[in-house]
Amino acid sequence: NAGVTQTPKFRVLKTGQSMTLLCAQDMNHEYMYWYRQDPGMGLRLIHYSVGEGTTAKGEVPDGYNVSRLKKQNFLLGLESAAPSQTSVYFCAARVGSGEQYFGPGTRLTVT
Amino acid sequence: GEDVEQSLFLSVREGDSSVINCTYTDSSSTYLYWYKQEPGAGLQLLTYIFSNMDMKQDQRLTVLLNKKDKHLSLRIADTQTGDSAIYFCAESSYASGGSYIPTFGRGTSLIVHP
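Protein sequence lines correspond, in order, to chains V and X. At position 38 of the first sequence (counting the first as 1) the number is 38 in my numbering, and the numbers step up by one without a gap. At position 114 of the second sequence (counting the first as 1) the number is 1114 in my numbering, and the numbers step up by one without a gap.
Just to be clear, a hint being listed does not mean it is correct.
Unchecked claim - Some residues of chain X that are not near chain V, with every Cβ distance over 12 Å (derived):
{"id": "1", "residue": "Gln1037"}
{"id": "2", "residue": "Lys1056"}
{"id": "3", "residue": "Gln1059"}
{"id": "4", "residue": "Leu1064"}
{"id": "5", "residue": "Asp1083"}
As the list claims (entries may be wrong) - Derived Cβ-Cβ restraints for the label pairs, each shown as a range:
{"id": "6", "chain 1": "V", "residue 1": "Glu79", "chain 2": "X", "residue 2": "Asn1066", "range": "41 to 47 Å"}
{"id": "7", "chain 1": "V", "residue 1": "Gly16", "chain 2": "X", "residue 2": "Glu1014", "range": "22 to 28 Å"}
{"id": "8", "chain 1": "V", "residue 1": "Gly3", "chain 2": "X", "residue 2": "Ser1011", "range": "46 to 52 Å"}
{"id": "9", "chain 1": "X", "residue 1": "Ser1027", "chain 2": "V", "residue 2": "Lys14", "range": "44 to 50 Å"}
{"id": "10", "chain 1": "X", "residue 1": "Gly1015", "chain 2": "V", "residue 2": "Ala56", "range": "43 to 49 Å"}
Worth flagging that the hints you see were computed from the coordinates, not collected in a lab. No residue lacks a Cβ here, since even glycine has one placed at the ideal position from N, Cα and C.
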């Protein structure tokens, strides 16, 4: 039981490049979330999903897209990366109102 | 939008008690959480309290909730160097569409001196 895993762990992109971050969970949780964490800013919600095939915008969705084609996977896409998207990205999965289980994070640098 | 506020830093000596405070604005919060983040890792749930409770104790951890003042605190007894981490307060309320959207504070960096 791996919980929540994220791929890749680290990535360096040039401005304008695209990439997809993969989040996978093996706990059969309905809710999944993508956050970004920046120094002094805490966690900010980018997008979330309440179930397979559904997505919704969070606090800071601009520049990102997501998809939840399978219940266990939640993908975060950057179509044209910008230096402002340099951050640590965390995925989380959750059942109802209960605990969120976080992945280990993806450290992304955009040059 | 809803807001969760906490102080950014706390420094204590090993063996002392640590108290981390948090205030929130959403009066409809149903769950309030404390998460711990160690360097280079994701967040892990430490403890949580339901909004109809005043206090919850779990070994060295005591959570106090003052719902009237919208104030939450986490007390760590006999603080150890291994408790050094960032502690996040979070609240969860029921959003439209049937989802719970948690709001996190900015985190309090706890530094424990030997």
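These are the hints, each one checked on the structure:
Not every C-beta of chain V lies more than 12 Å from that of glutamine 1037/X, the closest at about 9 Å, which undercuts listing it as non-interface. Chain V leaves lysine 1056/X outside its interface by the beta-carbon criterion, the shortest separation being 14 Å against a cut-off of 12 Å. Distance check on glutamine 1059/X: its Cβ is at least 17 Å (rounded) from any Cβ of chain V, clearing the 12 Å threshold; non-interface status holds. Listed as a non-interface residue, leucine 1064/X keeps its Cβ farther than 12 Å from every Cβ of chain V; the least gap is roughly 20 Å.
Remark: the non-interface label on aspartate 1083/X is consistent with the geometry, its nearest Cβ contact in chain V lying 19 Å away (cut-off 12 Å). As the Cβ distance of glutamate 79/V to asparagine 1066/X is approximately 45 Å, the hint placing it in 41 to 47 Å holds. Checking the proposed 22 to 28 Å range against glycine 16/V and glutamate 1014/X shows it is violated: the Cβ atoms sit about 49 Å from each other. Under the hint 46 to 52 Å, the C-beta atoms of glycine 3/V and serine 1011/X, about 32 Å apart, miss the expected range.
At about 46 Å, the beta-carbon gap between serine 1027/X and lysine 14/V stays in the expected band of 44 to 50 Å. For glycine 1015/X and alanine 56/V, the hinted distance range of 43 to 49 Å is satisfied, since their beta carbons lie about 46 Å from each other.
In this structure, the earlier hints numbered 1, 7 and 8 are contradicted, and the remaining ones agree with it.
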